Every structure is written in C-alpha cells, then in structure tokens.
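*Asks:* The listed protein sequences correspond, in order, to chains A and B.
Start counting the first sequence at 393; every next residue gets the next number (our numbering).
Start counting the second sequence at 53; every next residue gets the next number (our numbering).
Treat the hints as calculated values from the structure; they're not laboratory data.
Don't take every hint at face value.
Stretch-level coverage of chain B by chain A, calculated; a stretch enters the list once three of its residues show a Cβ under 8 Å from a Cβ in chain A [said to hold, decoys possible]:
#1 166-173
#2 218-226
Derived DEER-like restraints, expressed as beta-carbon distance ranges [said to hold, decoys possible]:
#3 B/H185 <-> A/G533: 53 to 59 Å
#4 B/H185 <-> A/D596: 34 to 40 Å
#5 A/L506 <-> B/V186: 18 to 24 Å
#6 B/S225 <-> A/V593: 56 to 62 Å
Source: prediction; values computed, not measured.
By construction, the Cβ of each residue, glycine as well, lies at the ideal position given by its N, Cα and C atoms.
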Amino acid sequence: MEKRGTCGVQDADASEVYREGELIACPQCDALYRVVPLAHGERAQCVRCGTVLISTRNRAFVRVIALAITVVILMIAATIFPFLSVSVAGLTNSSSVLDAALAFAGGPMFGLSLAVAALIVAIPILRAALVIYVLTPMAFGRAPWPGAIPAFRFSEALRPWSMAEIFVIGVAVALVKVADLARIGFGPAFWFFAALVVVIVLKDGYMNRWTVWKALDQQDRS
Amino acid sequence: MDGMESAGSTRQIVTARDSGLVACTRCSLVWPADKQRCARCGSALSSRDMASMARVWAWLAIGVICYIPANLFPMLITSTLFSKSQSTIVGGAIDLIHHGAVGVAIIIIVASVLIPIGKFVAVAYLALSLNHHVKMSAHGRHKLYEYVEFIGRWSMIDVFVVAILSSLVQLSSVAAINPGPAAITFALSVIFTMLAAQSFDPRLIWDAEEDSHT
Ligand SMILES: [Zn+2]
Ligand SMILES: [Zn+2]
Chain A
393 MEKRGTCGVQ DADASEVYRE GELIACPQCD ALYRVVPLAH GERAQCVRCG
443 TVLISTRNRA FVRVIALAIT VVILMIAATI FPFLSVSVAG LTNSSSVLDA
493 ALAFAGGPMF GLSLAVAALI VAIPILRAAL VIYVLTPMAF GRAPWPGAIP
543 AFRFSEALRP WSMAEIFVIG VAVALVKVAD LARIGFGPAF WFFAALVVVI
593 VLKDGYMNRW TVWKALDQQD RS
Chain B
53 MDGMESAGST RQIVTARDSG LVACTRCSLV WPADKQRCAR CGSALSSRDM
103 ASMARVWAWL AIGVICYIPA NLFPMLITST LFSKSQSTIV GGAIDLIHHG
153 AVGVAIIIIV ASVLIPIGKF VAVAYLALSL NHHVKMSAHG RHKLYEYVEF
203 IGRWSMIDVF VVAILSSLVQ LSSVAAINPG PAAITFALSV IFTMLAAQSF
253 DPRLIWDAEE DSHT
C-alpha cells in the first residue's frame, strides 16, 4: 500500500494560489490537498491521519436512492407488523418496534420514550428520506430541489444518532435475558428489522459524500 | 494530472491554516481565512474551534454526573407472581452470569461499564493532552479519538434492552418487567458523552504536534 493516500489529492504548497473548489483540507487534521481526477474505484486518504477524503467506489446515486427507498419501506413494515412475542403459562404478549420505543411512555420517562423512538425509528427513516430528496433530481440530471443543501447537511449531522444496528444487538441481549422466563416468538417485523440494518449499512457505505457535495455545488452555480 | 505523485511522509504537511485558509469540516472545501460560512454546504467555518474545549468539558462533566445514579439506581424492575426484584446495570450482568449466559453478561459489562468509563478517561486525556506533554503520539491520539467516536454510541445497548423487555414482558400478574430510574440517567450519560466527543476538534491534536516540532 505504497500509494495509500497519494492518489486523488496532492500535497498543496503554501504558495498555491487559492482557487475556489480546487483545494480541500482534511476535516480531521487540516492537512491541505489539491483535488485531482481519480480513476473509478480509487480513493484518496489523508497522508497524515488516514481519513478517507474522496472515494469513487460508486458514483451511482441511483443505487443509494434505491437502498434509501428500501430503508423507508422496511422501517414502515417493521413498525406495523408484530416484532416479538412472549408466552408464559398460557398468557401471551406481543410487542412491535414502536411498543419497544414507547416502553417508557408512562410518567417521568416520557422524554426517554421520545428519544428511543427517534434513535431507532424516526432518525433512520428521516435520513433515508433526506437522501432521497437530495439525490433524486440529480440522478435524473435535474437541478436540486430547494433546500437540498441544508437537507444533506442535516442528514450528515444525524448520522451518529441513527442507532438501528445497536437496537438489534439490544434485541439479542433481551432475548437471552427472557429465555428462561418465557417462550419467545419472532414476528415478521423482527426479520424486516434485521434486513433493515444491512440495507442501512450498505446505503451509508455506497454514499460518496464528497461527490454529493460536488454535485450540489455544480448544480447550484450553473 | 493523474494525482499519483508519491508524497511520502518525509515531506512537511501543509495545513489549511498555514496557508491562510479555513477548511469546512463538513464538506472539506477550503475558503479564505476570514470567511464565516461555507458557501457550498452552509456550515459555520472556524479554523480552530477554541470555544469547543469548554463545551467538551461541560458535556463530559454532566455525562459523568449522570453516570453515577445510573449505576446506583435499578435499571430493571421485575415482578413475577411470587417476587419483585430490582437490578442495577452491574447486578443485571451478575444475574446473567448466574444463569450461565456469560457471553451476554460480557456484552453488557463492556457496553455499559467499560465503554462509558473508557470514554470519560479518553476524552479527558485527549483534552488534557493539548496543553500538557503526553507520551502518546498525535497518530495514537487521533486513532483514540476515532475509536471514541465510533464506539461511544454502542453504550445505548442496555437502554434498548430495557425498552424491549419492558414492552415485551407485560403478562399481567404472572410476569412484568418495568424500567427503573437508571434507564433515564444512563441514556442521558451516553448522549452527553457523545456530544462531548463531537464537540472535540481533532485538528487541535495535530497542531500541538506541529508546535512541538518547531
Ligand atoms: Zn488528515
Ligand atoms: Zn462546507
């Protein structure tokens, strides 16, 4: 990996004349680079700290849009259908993802309920919707819809707060905890949610942030 | 231009600040140093966010404060036909070990005890390392920062476990599980420490290294 970090960006000299759109700096360590064209499949990493600056693994907005639509559909299905059920001594209770999110709804824990609902349902679905809104017109070669720039910025800021994958591990731990207390049944929503996590990871993996910003930039100016 | 020039680590790194520029940390475009807002993505620009350290310490302090009751109060309140029991975070993990679920107990201990405490220590260490001489290199500290950012969210596992159990196990008088007050303070502690890590400006780590070279 000798070329690691050297493709796509060059060290910029301090004497470099400032030209808008040509220079970028590593957001993690402030090292300055000049953008040069990358071949498909290459990526540019910061020489100093290793942060990926540009990745061209996939420029296709269409794939990201398709995955984001899948996220929305699966999330709606996962909240409608029964998620898990337990039965003890003839009594059965089933719960949906929303029931789990709203488990704290009574009394002083209401705020926690809202937070959990946001982390596992609302924020993942909102991020997918924002991505669809931002990328769809550009995928068809049109100018971005109004507010696309703040929409994408908001979607990026929400990234650490989307916790569907952590919820899935929580489910696994919870199942072990009740295993000797009761019999557990899996509803369709359980499988939707498991699939959802994979699709979210793929969507975020295929999303090339730098390309999106560049596209928004160009569309804005022309 | 193919951009494959081999820029080895021997060459001096030039930062945006050295060049009289300011970089957008959201979309990585650079602007003249006096620009206030990125014209591409609209984020506020600041070459080095000095006020960020005050925010880091403030969020970290409330994060630690919330973590104390989170360990003293019960996380889960379990009632069955014959008994009613409460368990704290650590108590719940010990119960799991008694039931033979050692692996899951380890997950809980890691997510709810080791990660939060490790995060408090790591964020405080990173913040202090900016003004004090430390052994760890800028590279090491940057890696540490990345780990903290990546792993901190996973502490939420136990809150979700409580949420699932509380919604699922509601079988009238036979068995019911309800959330205890620790669920809320623990969730707050995780959220506040995530905010502390997000407030930290990792560029400051590299500045300190540069100053020590010259
Ligand atoms: Zn860097
Ligand atoms: Zn920007």
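*Asks:* So does A/L506 sit 18 to 24 Å from B/V186, Cβ to Cβ?
*Replies:* 40 Å, violated
*Asks:* Would you say the C-beta atoms of B/H185 and A/G533 sit inside 53 to 59 Å of each other?
*Replies:* 55 Å, holds
*Asks:* Within 34 to 40 Å: is that where the Cβ-Cβ distance between B/H185 and A/D596 falls?
*Replies:* 38 Å, holds
*Asks:* Taking 56 to 62 Å as the stated bounds, is the beta-carbon spacing between B/S225 and A/V593 within them?
*Replies:* 42 Å Cβ-Cβ, so the 56 to 62 Å window is violated.
*Asks:* Using a Cβ cutoff of 8 Å, are there at least 3 residues of the stretch 166-173 of chain B near chain A, or does the coverage claim fail?
*Replies:* violated (count 0)
*Asks:* Can you take a look at whether the stretch 218-226 of chain B is actually covered by chain A? Rule is 3+ residues, C-beta closer than 8 Å.
*Replies:* holds (count 8)
Consistency note: the structure conflicts with the earlier hints numbered 1, 5, 6.
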